[in-house]
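*Asks:* Assemble the complex: chain A is given as a structure, and chain B must be docked to it using the hints.
Those sequence lines, one after another, are chains A and B. The opening residue of the first sequence carries number 1 in the numbering used here; numbering runs sequentially from there. The opening residue of the second sequence carries number 1 in the numbering used here; numbering runs sequentially from there.
One thing to keep in mind: the hints can contain errors.
Identical copies look the same in the list; a pair holds intra-copy or inter-copy alike.
Simulated crosslink set (DSBU-like; lysine-lysine; CA at most 35 angstroms straight-line) [said to hold, decoys possible]:
#, residue 1, residue 2
1, K65, K269
2, K269, K291
3, K257, K230
4, K257, K291
5, K230, K269
6, K257, K65
7, K65, K230
8, K257, K269
Bear in mind the hints are in silico, worked out from the structure with no lab data behind them.
Residues per chain are reported as follows:
2 protein chains.
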Amino acid sequence: MDLVGRLLSGDRRALARTISLVEDNGAEAHTLLGELYPHTGQAHIIGITGAPGTGKSTLVNALAKDYRGRGMTVGIVAVDPTSPFSGGALLGDRIRMRDLAGDPGVFIRSMATRGSLGGLARAAADVILVLDAAGFQRVVVETVGVGQAEVEIANAAHTVVVVVTPGLGDEVQAIKAGVMEIGDLFAVNKADQEGADHAAMAIHMMQGLAPKDDAQGDGTDDGWVPPIIKTVATHGTGVDELLLGIEAHRDYLHQGKHFGQRERMRVLKELEAILQRELLTRLRTRVPPGKMEALVEQVHRRELDPYSAVAQLLAADA
Amino acid sequence: MDLVGRLLSGDRRALARTISLVEDNGAEAHTLLGELYPHTGQAHIIGITGAPGTGKSTLVNALAKDYRGRGMTVGIVAVDPTSPFSGGALLGDRIRMRDLAGDPGVFIRSMATRGSLGGLARAAADVILVLDAAGFQRVVVETVGVGQAEVEIANAAHTVVVVVTPGLGDEVQAIKAGVMEIGDLFAVNKADQEGADHAAMAIHMMQGLAPKDDAQGDGTDDGWVPPIIKTVATHGTGVDELLLGIEAHRDYLHQGKHFGQRERMRVLKELEAILQRELLTRLRTRVPPGKMEALVEQVHRRELDPYSAVAQLLAADA
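Here chain A stands alone, though its shape is the one from the complex (with noise of 0.2 angstroms):
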């Protein structure tokens, strides 16, 4: 049987292969994500965001254990762009691991990289996409940080958490701003910690503030107002609370022209990410030799200014 034809009958050696392959971006990886497509759409893609420190790793392994003791497969894709060797991912599929070893329902890939901006959006939305053809009930997506790389990555999710703690002090509260208009769950984890009211007070203050969710586009309030829950992943606590939760917003999702739109816009931004890269590329073979290489060093030079670069190598392609 073909590497497809094995993914979808359940090979997990096949999975990993196929992901590798898609990570890799080579050839192969469009044929390869063109006969996955048509099995993709199951999944409901939980994205799980917040700064370094929050316990995100933590509650994301409690969140799988959860599931899977509801008799529902978890696919797992944990990004990290700022892990400088490729080392640290593995390392860390192996400490997880532990956690949920041998346990055929569930699947674990880390992610880092050191390519260019857009880059690993990319490949975490095209490994997304495997595990969903690969029949995963859930995908959880995690994400390290606040920057906008992980906003990109987490609007490819159907429902967001946003991590908080306590502990970090209203410096980095006021940072979490950034990130309350793509959370449509807050969980302020190591809720046994002093300050855990103050963060979750914090949250609906600012949720005040923040401009109405309107996914109808028909100009009103949607309607889901995003639960603040307290969590405690290193014992468990709340995090039936959390899945019930993200439960409770998929089916809203899933009620009224909620759900069509998300999907919607994500594949429109898909297709235009995707064709940026492919209309450099194809530019980029088309310019004579070294006209590059000139035009930078014009531009070094203060000769010209990029604008005017840029048009020159366009209006010779027109």
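*Replies:* Quick look at chain B alone, frame taken from chain A:
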């Protein structure tokens, strides 16, 4: 006198107006940048990055004051992609301004956006150019967080300072690994807190693990070992040492081929970023009305995969 003329003659209102136009990225922006570009290339660009809560802003202010004490002019670009409401950046400006108010040798601009991935990096690069053209001798770019967007912005700098603190715990220190590669200097801020020596030691040990810097591209270590400097920004402690370290790195870059190579690489990346944006904009105008929506719908229904959809768009365009 026209806007560019007034900006070049030191008019601060013309500078603020130009920055706003450049940020908006409208029709005037490219013309303005083209006119300003020949006047750029004199400023030394300093990137200061680190996780939330490390006291970067205080450190940047202290550094700016130190530079002013030495008679040098300083432009500051504070990039906070996580700030949710446009008012946040303005408020930030005002708080900062209290410290450095009324000094025409300092100009501070805070930037926040909810725009697409890469949009903020693009705008920040353009604002840096404007400050460079306006004659600021040092331009400090402060970025929040450890995400890829921040790393890209830092790449636009000649000298990158990574700020860490003792108090954020081992988990956070591990995350910092991601910025090891981009740091030309490390500041252990809040060094009067417990654990400062531990943090400095951790950085020192990771330096031993990291791939050698090879900006010359000749396969050998470049010889620059990033210094680790303890600072207490609130008291000004270590700020002078940090400044001297930055200047030492600047001198180092201007020896040999380092500086030109960094600059050419930066120009190439900048051209590619502009190209990608322009190519997508141009393609959009050529796609027949409704075609994009139809493809999104097909992909959404899983009748077509994203890569095949893009191939259709490109084939129709060829």
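*Asks:* None of the hints should be skipped; say for each whether it holds.
*Replies:* Now the hints, each set against the structure:
| no. | hint | in the structure |
| --- | --- | --- |
| 1 | K65 - K269 | within (32 angstroms within a copy, 43 angstroms between copies) |
| 2 | K269 - K291 | both (31 angstroms within a copy, 15 angstroms between copies) |
| 3 | K257 - K230 | within (30 angstroms within a copy, 55 angstroms between copies) |
| 4 | K257 - K291 | between (50 angstroms within a copy, 22 angstroms between copies) |
| 5 | K230 - K269 | within (33 angstroms within a copy, 44 angstroms between copies) |
| 6 | K257 - K65 | within (31 angstroms within a copy, 55 angstroms between copies) |
| 7 | K65 - K230 | within (18 angstroms within a copy, 43 angstroms between copies) |
| 8 | K257 - K269 | within (19 angstroms within a copy, 40 angstroms between copies) |
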